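Protein sequences, first through last, are from chains Z and L.
Just so we're aligned, residue 1 is where the first sequence starts under the numbering used here, counting upward by one.
Just so we're aligned, residue 1 is where the second sequence starts under the numbering used here, counting upward by one.
In case anyone wonders, no lab produced these hints; they're calculated from the structure.
Keep in mind that the hints are not guaranteed to be accurate.
Unchecked claim - Restricting the straight-line Cα-Cα distance to at most 27 Å, the calculated cross-link-like pairs of lysine-lysine (DSSO-like) are: (1) Z:K262 with L:K104; (2) Z:K104 with Z:K91; (3) Z:K208 with L:K64; (4) Z:K262 with L:K60; (5) Z:K262 with Z:K28; (6) Z:K195 with L:K5; (7) Z:K202 with Z:K212.
None of the values given here were measured: they were computed from a predicted structure.
Spelled out, the chains give:
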Amino acid sequence: MIKTDVVIIGAGPTGLFCAHQLGIIGLKCEIVDNLNKIGGQCIELYPDKPIYDIPAVPECTGEELTNNLIKQIKPFNFNFHLNDRVQELSKENESWIVKTTNGKEFNAPNVVIAGGVGSFEPRKFPTKSAEKFDGKTVLYSIKDKSIFKDKSVAIFGGGDSALDWAIELSSTSKVSLIHRRDEFRGAPVSVQKIKELSKKNKINLFTKYSIKDVKGNGSLEEVEIKSEDGKSKTLKADYVLGFFGLIMQLGPITEWGLNLNKKTIPVNTENFETNKKGIFAIGDICSYPGKLKLILSGFHEGALAARGCFKYARPNEKYRFEFTTASNTIKDRLGVK
Amino acid sequence: MAKIKYIEHNGKEHIVEVQNGLTVMEGAVQNDIPGIDADCGGSMSCATCHVYVKEDWYNKLPNKEMGEDDMLDQAYEPNSSSRLSCQIMVSDDLDGLSVYMPEKQV
Numbered sequence: 001m002i003k004t005d006v007v008i009i010g011a012g013p014t015g016l017f018c019a020h021q022l023g024i025i026g027l028k029c030e031i032v033d034n035l036n037k038i039g040g041q042c043i044e045l046y047p048d049k050p051i052y053d054i055p056a057v058p059e060c061t062g063e064e065l066t067n068n069l070i071k072q073i074k075p076f077n078f079n080f081h082l083n084d085r086v087q088e089l090s091k092e093n094e095s096w097i098v099k100t101t102n103g104k105e106f107n108a109p110n111v112v113i114a115g116g117v118g119s120f121e122p123r124k125f126p127t128k129s130a131e132k133f134d135g136k137t138v139l140y141s142i143k144d145k146s147i148f149k150d151k152s153v154a155i156f157g158g159g160d161s162a163l164d165w166a167i168e169l170s171s172t173s174k175v176s177l178i179h180r181r182d183e184f185r186g187a188p189v190s191v192q193k194i195k196e197l198s199k200k201n202k203i204n205l206f207t208k209y210s211i212k213d214v215k216g217n218g219s220l221e222e223v224e225i226k227s228e229d230g231k232s233k234t235l236k237a238d239y240v241l242g243f244f245g246l247i248m249q250l251g252p253i254t255e256w257g258l259n260l261n262k263k264t265i266p267v268n269t270e271n272f273e274t275n276k277k278g279i280f281a282i283g284d285i286c287s288y289p290g291k292l293k294l295i296l297s298g299f300h301e302g303a304l305a306a307r308g309c310f311k312y313a314r315p316n317e318k319y320r321f322e323f324t325t326a327s328n329t330i331k332d333r334l335g336v337k
Numbered sequence: 001m002a003k004i005k006y007i008e009h010n011g012k013e014h015i016v017e018v019q020n021g022l023t024v025m026e027g028a029v030q031n032d033i034p035g036i037d038a039d040c041g042g043s044m045s046c047a048t049c050h051v052y053v054k055e056d057w058y059n060k061l062p063n064k065e066m067g068e069d070d071m072l073d074q075a076y077e078p079n080s081s082s083r084l085s086c087q088i089m090v091s092d093d094l095d096g097l098s099v100y101m102p103e104k105q106v
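From just these sequences and the hints, can you work out the full model?
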């Protein structure tokens, strides 16, 4: 059990800046994110795309913004819990007990939900029949590539993950690559390589096909693919891999008894607290009259939520407003002279 | 201004007037029409405003910009009549457009 002042759910720009504000006012926090890296949508959806509306930063990419925020909170040495997702929230006396999918437990008077549009999860096959093989022989990520040795593997997708794995596995497995159109969005050099391997019959390439069905008694045996004009083909497959990018899902957040408005959590604009005492929501996931889904709004929301957390984390202290330019206490916290 | 018909996967139709300059996605979201999620808010970074447009209208729409097909690869059951509704700008020319929603977006 990790005891802290605040658990922040989501390591996107809003969560990171909220952590900074907590550090400035002398509170501790732990940050949990489902992705394996820090940065949220900035790093997952648009690491290379320029952003033009961060105050005083005329232009920066999602990755640069993330790196600067990480640098900005470095003095506080907060812990990140990546590749993990908050599953359960329950109240115990004045604290929230926060449990994650990986079995971590936190005890904190405050939880700040900076979860964006939800956690990123792989998009799965639309075919119902794929569900019963999910996680065993129908996979959306690869942990141990040795399981594919000398097996038939059907890979679906047209991006870098699909192409890279098709190339990589083609030396030891019988690989089919299936994509819904004949253009690929992966790196041109990989596309070139795929075409060469296809010519040499090292990869079976099927373009303008998508999945129709997976079949097998007990274990997976075949995958059926279809073209838009109604043709279908059956391929032998021990494994079926899908790489269709990530979708965002609210997931367990909907089960915590919070008021929800479509996919957002209504908050008051004084401290961004939700209908539950000590649970705050900031960034894209919160809603209030006039809400703008901008990073700069998330920063403002995080600053106010941090002050809201102070009240429950230090019930016997009075919060004092201070400027970073003038306060020696803050300078100490930042480790500057 | 264009009258646009949004057809849910179950066949339920919603006809609304959408102002020029908005996108077909915004027309749905602002009128609380279910079936278009638009998680990323219109930045062509997700694929949750995916719609199908039948051939007669598909060919009349402005062509897809770079990147739209890449995003559509990541949509739920895309096919050759798929579009991202956040990339279709409404104008008078679109009066009478029908768009069909997929079974789901995520």
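Has the given pair, Z:K208 with L:K64, been kept, meaning a C-alpha gap of at most 27 Å? Satisfied, since the Cα-Cα distance of roughly 18 Å is no more than 27 Å.
Given the hint that Z:K104 pairs with Z:K91, test it: the Cα-Cα distance must not exceed 27 Å. 16 Å, holds
Holds or violated: are the alpha carbons of Z:K262 and Z:K28 at most 27 Å from each other? 32 Å, violated
Decide if the proposed pair is consistent with the structure: Z:K262 and L:K60, CA atoms, cutoff 27 Å inclusive. Roughly 33 Å between the alpha carbons, so the hint for Z:K262 and L:K60 is violated.
Starting from Z:K202, check that the Cα of Z:K212 is at most 27 Å away, please. The hint holds at about 24 Å.
Does the structure keep Z:K195 and L:K5 at a Cα separation of 27 Å or less? Violated, at about 42 Å.
Can you confirm whether the C-alpha distance between Z:K262 and L:K104 stays at or below 27 Å? 15 Å, holds
In summary, the structure is inconsistent with hints 4, 5, 6 from the numbered list given earlier, while agreeing with the others.
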